[in-house]
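Colleague: Chain B with the ligands: place on chain S using the hints.
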Amino acid sequence: MWIIRGLKKGIITTPFPKKDDEYIPKSYYPDSLKNCTVFTDIHNFSCMGCGLCKSDMVRREDHVEVRKTLSIKKSVHIFVLDVGSCGACNREISLLGAPQYDFHRLGFFTTPTPKHADVLMVVGELTDDMLPILRESYELMPEPKAVLAVGACASGIYLKRIEKEIPVYARVSGCPPQPKYILKALLQLTGRWNE
Amino acid sequence: MIMDNYTGEVLVAVFKEKAGYSAVWVDYDTGKIKIDNVGEDKLGDRPITAAFFNNYNIDTRSLPPCAKILTYGPAAGGIGEAGAFRLATCGERILSLVPYRGFKKNRSMLKMTKDMDVSRALPYFSRLSGQFAASYTTLFINLAFDDLDESFRTLSFAAVEMERIHNHVWVMHKLANDAAQKVASAHLSALTEEFLRLNSIVFGSRYLMDYPILYKKYDGFHDRLKELESEFNGLIDELLHSRIFIDRLHTTGKLNSEDVIKNDITGIPARAAAVSRDSRKFSVLKDFYGDHEPRMEEGGDALSRFLVRVSEVKDSISLLKEITLPNKIRVPEKPSNGLRYGLIEAPPGDIFMMVHVEDGKLKSVKIRPPSVVMLHAFSIGVRGNVFTDYPFALDSFGLYFADADLYGGW
Ligand code: SF4
Ligand code: SF4
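Chains as they are written, first to last, in numbering that gives the first Met the number 0: chain S, 0 to 194; chain B, 0 to 409.
Treat the hints as calculated values from the structure; they're not laboratory data.
From the three backbone atoms N, C-alpha and C, an ideal C-beta is built for every residue, glycine too.
A couple of the hints might just be wrong.
Said to hold, decoys possible - Stretch-level coverage of chain S by chain B, calculated; a stretch enters the list once three of its residues show a Cβ under 8 Å from a Cβ in chain B:
{"no.": "1", "segment": "43 to 52"}
{"no.": "2", "segment": "65 to 74"}
{"no.": "3", "segment": "114 to 120"}
Unchecked claim - Here are the computed lysine-lysine pairs in the PhoX-like style, where the Cα-Cα straight-line distance is at most 20 Å:
{"no.": "4", "chain 1": "B", "residue 1": "Lys362", "chain 2": "S", "residue 2": "Lys8"}
{"no.": "5", "chain 1": "S", "residue 1": "Lys144", "chain 2": "S", "residue 2": "Lys183"}
{"no.": "6", "chain 1": "B", "residue 1": "Lys285", "chain 2": "B", "residue 2": "Lys320"}
{"no.": "7", "chain 1": "S", "residue 1": "Lys53", "chain 2": "B", "residue 2": "Lys362"}
{"no.": "8", "chain 1": "B", "residue 1": "Lys225", "chain 2": "S", "residue 2": "Lys7"}
{"no.": "9", "chain 1": "B", "residue 1": "Lys313", "chain 2": "B", "residue 2": "Lys285"}
{"no.": "10", "chain 1": "B", "residue 1": "Lys215", "chain 2": "S", "residue 2": "Lys53"}
{"no.": "11", "chain 1": "S", "residue 1": "Lys183", "chain 2": "S", "residue 2": "Lys67"}
{"no.": "12", "chain 1": "B", "residue 1": "Lys15", "chain 2": "B", "residue 2": "Lys33"}
{"no.": "13", "chain 1": "S", "residue 1": "Lys8", "chain 2": "B", "residue 2": "Lys225"}
{"no.": "14", "chain 1": "B", "residue 1": "Lys113", "chain 2": "B", "residue 2": "Lys360"}
{"no.": "15", "chain 1": "S", "residue 1": "Lys25", "chain 2": "B", "residue 2": "Lys113"}
{"no.": "16", "chain 1": "S", "residue 1": "Lys53", "chain 2": "B", "residue 2": "Lys327"}
{"no.": "17", "chain 1": "S", "residue 1": "Lys67", "chain 2": "S", "residue 2": "Lys7"}
{"no.": "18", "chain 1": "S", "residue 1": "Lys8", "chain 2": "S", "residue 2": "Lys25"}
{"no.": "19", "chain 1": "B", "residue 1": "Lys104", "chain 2": "B", "residue 2": "Lys15"}
{"no.": "20", "chain 1": "B", "residue 1": "Lys216", "chain 2": "S", "residue 2": "Lys25"}
{"no.": "21", "chain 1": "S", "residue 1": "Lys53", "chain 2": "B", "residue 2": "Lys216"}
{"no.": "22", "chain 1": "B", "residue 1": "Lys215", "chain 2": "B", "residue 2": "Lys320"}
{"no.": "23", "chain 1": "B", "residue 1": "Lys110", "chain 2": "B", "residue 2": "Lys313"}
{"no.": "24", "chain 1": "B", "residue 1": "Lys110", "chain 2": "B", "residue 2": "Lys320"}
{"no.": "25", "chain 1": "B", "residue 1": "Lys181", "chain 2": "S", "residue 2": "Lys7"}
Extracted from the complex, chain S is given alone in its bound form (with noise of 0.2 Å):
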């Protein structure tokens, strides 16, 4: 029966990457950063997307920054930690293995331990009891690795904080990023992108 209601259904797995993909909704960011009420420093990664400043809210992709890339021709595997997230980025990081999104056809799979990872994926704001387990994690994974900050914390708001431990390749901005920007950021960060 699952099989027949999955025949019905069709794909509803996105294009994305090969195509953009309209039918998903982009996040909320406002039209200027200039009137912030909540930072002091507020940059594209920080914003929450909050609306508080009463500037125009668009919708529009989440940023994606990649400042060196991570040479792997094999799958990749990915490492969750979180540091001290909300809960939403967690989400949406379980949800890149939802139908929709399916990461795993683009080679990419998440393992329980860091000494299998390739990628340590860095979630929410880094509070002192995770700061040695970040550490441990990070000198756990085999080389060559790379970081991918994820969400307004770990990207923008926390992410000194972080870089003053390890060193972060790229970061998604988005309070919590969607899943599409992630898989991009992931695509782009091992050099998976094609424009």
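Modeller: Below, chain B with the ligands without anything else, positioned relative to chain S:
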């Protein structure tokens, strides 16, 4: 026996004060909330105080010689968050388990609201817990502002019910995954994603953060909701025909009604053990629930909690189909004055919040997140289970360390 006439006050929270403690008691039959100033000795031997003081210990004196004690987390696979447990096991049997909270306690979201203008605090309350953003936001606004109009209240109600749905469906996805029902699990994660997209279209945020600011009327809301309802009903009918799924949940992580009453458990685990504790009847949104009857089951196990969730999703969809979303809303602006407190029924159980506003500024905030109670309930329910039952038991409570670690306030 359904204990819908159970009377008695539930100890909902204990907060440290400058001198002594304040204990919050709720009578779930009448909705009466009582706050006492007490010394620690006056709390008697209510086991839930271990959750409020976060002073859990495994009692090693009662363990057999084969017992081994281990810590699981905070980065271990399966928990999915920065949280941990201490366990005592003998072979594969879990003899005792206690939550090991605090890895997220230094998150600054709540602390940053200290002395803040209430009008600026909304994004912080939206981010105490991403999964329960609508519930925290709504409760905060109800306590900290005075000028809530009908359109805003209708929108809040819709946001809170959409939150219940996406959380319950996600819990179902996780349980199906634990039971190796990969196809069902994939369908349920796809359905979660569709609910989140609908949230984004209507409320401006997939997790309903800042929904009062980002809301834009979407005319297709009811039509899309009906499509998702039919998808949900079909999936659940199918899943409930799976013997493997039912068997894995049946008798797992069981709390009976005595456990619930003795441990001051509220929310889904209470209702799944036939104890009628549901704050919707007297919460800040009580007007929308009318003569709402809590959905209850009698088994007290992971299966009963699953079934309560199924009924609640159906109820939420029915309620949402009845309301008309406002064309526009006015975000409340007039701060309240003085100390206010109240509850809201978040997806796993209620949130208690106490807010003190003076001259438009926050003077103190206290919260008792539902996940604190859920962690306590899990620690009781999982005792005696084998290790392979652990994920089913854990996931059936729908709890998060993110909000549990923020218990207390400033
Ligand atoms: S949306 Fe929020 S975080 Fe972003 S600029 Fe406006 S006020 Fe600042
Ligand atoms: S970036 Fe936003 S969604 Fe992600 S953990 Fe931080 S507050 Fe939560």
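Colleague: All hints, please: hold or fail.
Modeller: Quick rundown of the hints versus the structure:
1. Three residues within the 8 Å Cβ limit are the bar, and the segment 43 to 52 of chain S against chain B gives 5, so the coverage statement holds.
2. Against chain B, the segment 65 to 74 of chain S contributes 0 residues with a C-beta closer than 8 Å to a partner C-beta. That does not satisfy the three-residue criterion, and the hint is violated.
3. For the segment 114 to 120 of chain S, the proposed coverage by chain B is not satisfied: 0 residues have a C-beta within less than 8 Å of a C-beta in that chain, short of the threshold of three.
4. As the CA atoms of Lys362/B and Lys8/S are separated by approximately 53 Å, the hinted pair breaks the 20 Å bound.
5. Of the pairs offered as hints, the one joining Lys144/S and Lys183/S holds, with about 18 Å between alpha carbons and a cut-off of 20 Å not exceeded.
6. For the given pair, Lys285/B sits about 18 Å from Lys320/B by alpha-carbon distance, which is consistent with the 20 Å threshold.
7. This hinted pair does not check out: Lys53/S and Lys362/B have alpha carbons roughly 25 Å apart, beyond 20 Å.
8. Distance check on the hinted pair: Lys225/B and Lys7/S sit about 18 Å apart at the alpha-carbon level, within 20 Å; holds.
9. At roughly 19 Å between alpha-carbon atoms, Lys313/B and Lys285/B fall within 20 Å of each other, so this suggested pair holds.
10. Distance restraint check for Lys215/B and Lys53/S: the Cα-Cα separation of roughly 15 Å lies within the 20 Å cut-off, and the hinted pair is therefore satisfied.
11. Proximity of Lys183/S to Lys67/S is assessed by CA-CA distance (about 15 Å); at most 20 Å being required, the pair is judged to hold.
12. For the hint pairing Lys15/B with Lys33/B, the CA-to-CA distance comes to about 16 Å; that is within 20 Å, so the pair holds.
13. Between the alpha carbons of Lys8/S and Lys225/B the distance comes to roughly 16 Å, so the proposed pair stays at or under 20 Å and holds.
14. At roughly 9 Å between alpha-carbon atoms, Lys113/B and Lys360/B fall within 20 Å of each other, so this suggested pair holds.
15. For the given pair, Lys25/S sits about 32 Å from Lys113/B by alpha-carbon distance, which is inconsistent with the 20 Å threshold.
16. Between Lys53/S and Lys327/B the alpha-carbon distance is near 16 Å, which keeps this suggested pair within the 20 Å criterion.
17. For the hint linking Lys67/S to Lys7/S, the alpha-carbon distance of about 43 Å lies beyond 20 Å, and the restraint is violated.
18. Distance hint between Lys8/S and Lys25/S is unfulfilled; the C-alpha atoms sit about 24 Å from each other, more than 20 Å.
19. For the proposed pair Lys104/B and Lys15/B, the alpha carbon gap of about 16 Å is at most 20 Å, so the pair holds.
20. For the hint linking Lys216/B to Lys25/S, the alpha-carbon distance of about 16 Å falls within 20 Å, and the restraint holds.
21. For the given pair, Lys53/S sits about 18 Å from Lys216/B by alpha-carbon distance, which is consistent with the 20 Å threshold.
22. Restraint check: the Cα-Cα separation between Lys215/B and Lys320/B comes to about 18 Å, which is no more than 20 Å; the hinted pair holds.
23. For a cut-off of 20 Å, the pair hint linking Lys110/B to Lys313/B is broken: about 37 Å separates their Cα positions.
24. In summary, the hint linking Lys110/B to Lys320/B is not supported, as the alpha carbons are separated by about 38 Å, beyond the 20 Å threshold.
25. Taking the CA atoms of Lys181/B and Lys7/S, the gap is about 18 Å. The hint holds against a cut of 20 Å.
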